[in-house]
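Please put together the full structure from these sequences, using the hints given.
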Amino acid sequence: MKRIIDSSLRLLPGIAFVFVLAIGGKLLSDWLQSVIAVNWVRSLTTNVIVAIAGGMIIGNLVPLPKVLSPGIAAYEFFLKVGIVLMGARFLVTDVARLGGIGLAMVVVEILFSIAFVSLFARWFRLPGKLGSLLSVGVGICGVSAIMGAAGSIEAEKEETGYAIAVILLFGAAALVVYPLIGRLLSMSDQLFGIWAGLAVDNTAEAVATGAIYSKAALAYTTLAKLCRNALMGFVILGFAVYYARRGMAQQVTHKGRFLWQKFPKFVLGFLGLSVLFSVLLALFPAKDAHAYLVGRIGAIRNLSEWAFQLTFVGVGLRTSFRDMVRTGVKPLVVGVAAETAVAGFTLLMVFAAAGFLPSL
Amino acid sequence: MNDRNPRSTAAQSKEKRQGLSLDWWTVVVGVALATLVLAGLPAIPW
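Protein chains in written order, with our numbering: chain S, -5 to 354; chain V, 1227 to 1272.
Hints listed in this document are in silico derivations from the structure and should not be mistaken for laboratory results. Don't take every hint at face value.
Claimed, not checked - List of simulated lysine to any residue pairs, SDA-like, C-alpha gap at most 25 Å:
1. S:Lys20 with S:Leu55
2. S:Lys281 with V:Leu1264
3. S:Lys259 with V:Pro1271
4. S:Lys209 with S:Trp25
This structure is a prediction, so every number in the text was calculated from the model and none was measured.
If you want it as structure tokens, here you go:
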């Protein structure tokens, strides 16, 4: 009990700081949206952009006290809670329809990413495990996947740090570049959302990129990204077995247990709420009960919007331009090549599959 | 996590001692919030 109280007290100042910035950012965005008349300028003042840009400015220009760091780093908790809550908005039949095609696309995307990044890492003579970490980061879900793989393949701390820096750098770039490309190509919310979910590495940045484009795109991004997250264990297991066979890491004895440990549990929360609300809507078709449930789903949506708002502030605060400059040139070149190739490949794949993709 | 890796085993037993992982807590908090809202918790305006 004492441990829980201690860690809560340690997190409290940073979380309170993120809450204040999130609420301030939302109020500022609402005010800007109401006073700006020019459409394209107003589109730059959505709550997502204000929260991320505000976080970046404060995080990079204001020397923040160290006592805030643990709480600021906890924003991933709010991201995952927001995703769990989002499950209530999706009918389980929609999740199954999009999830099926999404999983197939994710498998192709992961295979392409791993093959391409490994090849490029070899050309640039990056250490083998750094190449693998970058493959996992680009192919699946950024930082969590790198952290999971680093332990399993016994990568050096420095390699892990490098890979994470590259993924975060391109995550920050994606927030600007992807929506611009989407608008230039006049992509629908559906196509853009799925593309961002397939191509942007880190879950927080993927969700933010989808949200910057539109609320409808965010729904598609979340589902596509969850498909990638769900496959994390399989890819990490593959790398762990590969390095173990070469005597460069310990053997994996219980593969089932390994997969379960690496499986992101918040995906189960998302699916659980999707099933629960789909069943409730089917069980209570009467007008009043249905209206009540729809109202409650709206209230849950508000909670998930707030959870994402906290996440966006955290993403902004964490984006350190100084750390980006410090990233080495070689991993950066591999990163640029890999991210460009994966973005281009997934874009083509999404356009090719456009006729088969179900709407939500 | 590697089963024969002593560091991993230590991390696993530490996690067991600590109870639920952070990932599970996100599920608990998310489902609890949704249940409270379903039961009538007033909506927070967005």
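Taking the hints in turn, this is what the structure says about them:
no.: 1; hint: S:Lys20 with S:Leu55; result: holds (21 Å)
no.: 2; hint: S:Lys281 with V:Leu1264; result: holds (17 Å)
no.: 3; hint: S:Lys259 with V:Pro1271; result: violated (28 Å)
no.: 4; hint: S:Lys209 with S:Trp25; result: holds (19 Å)
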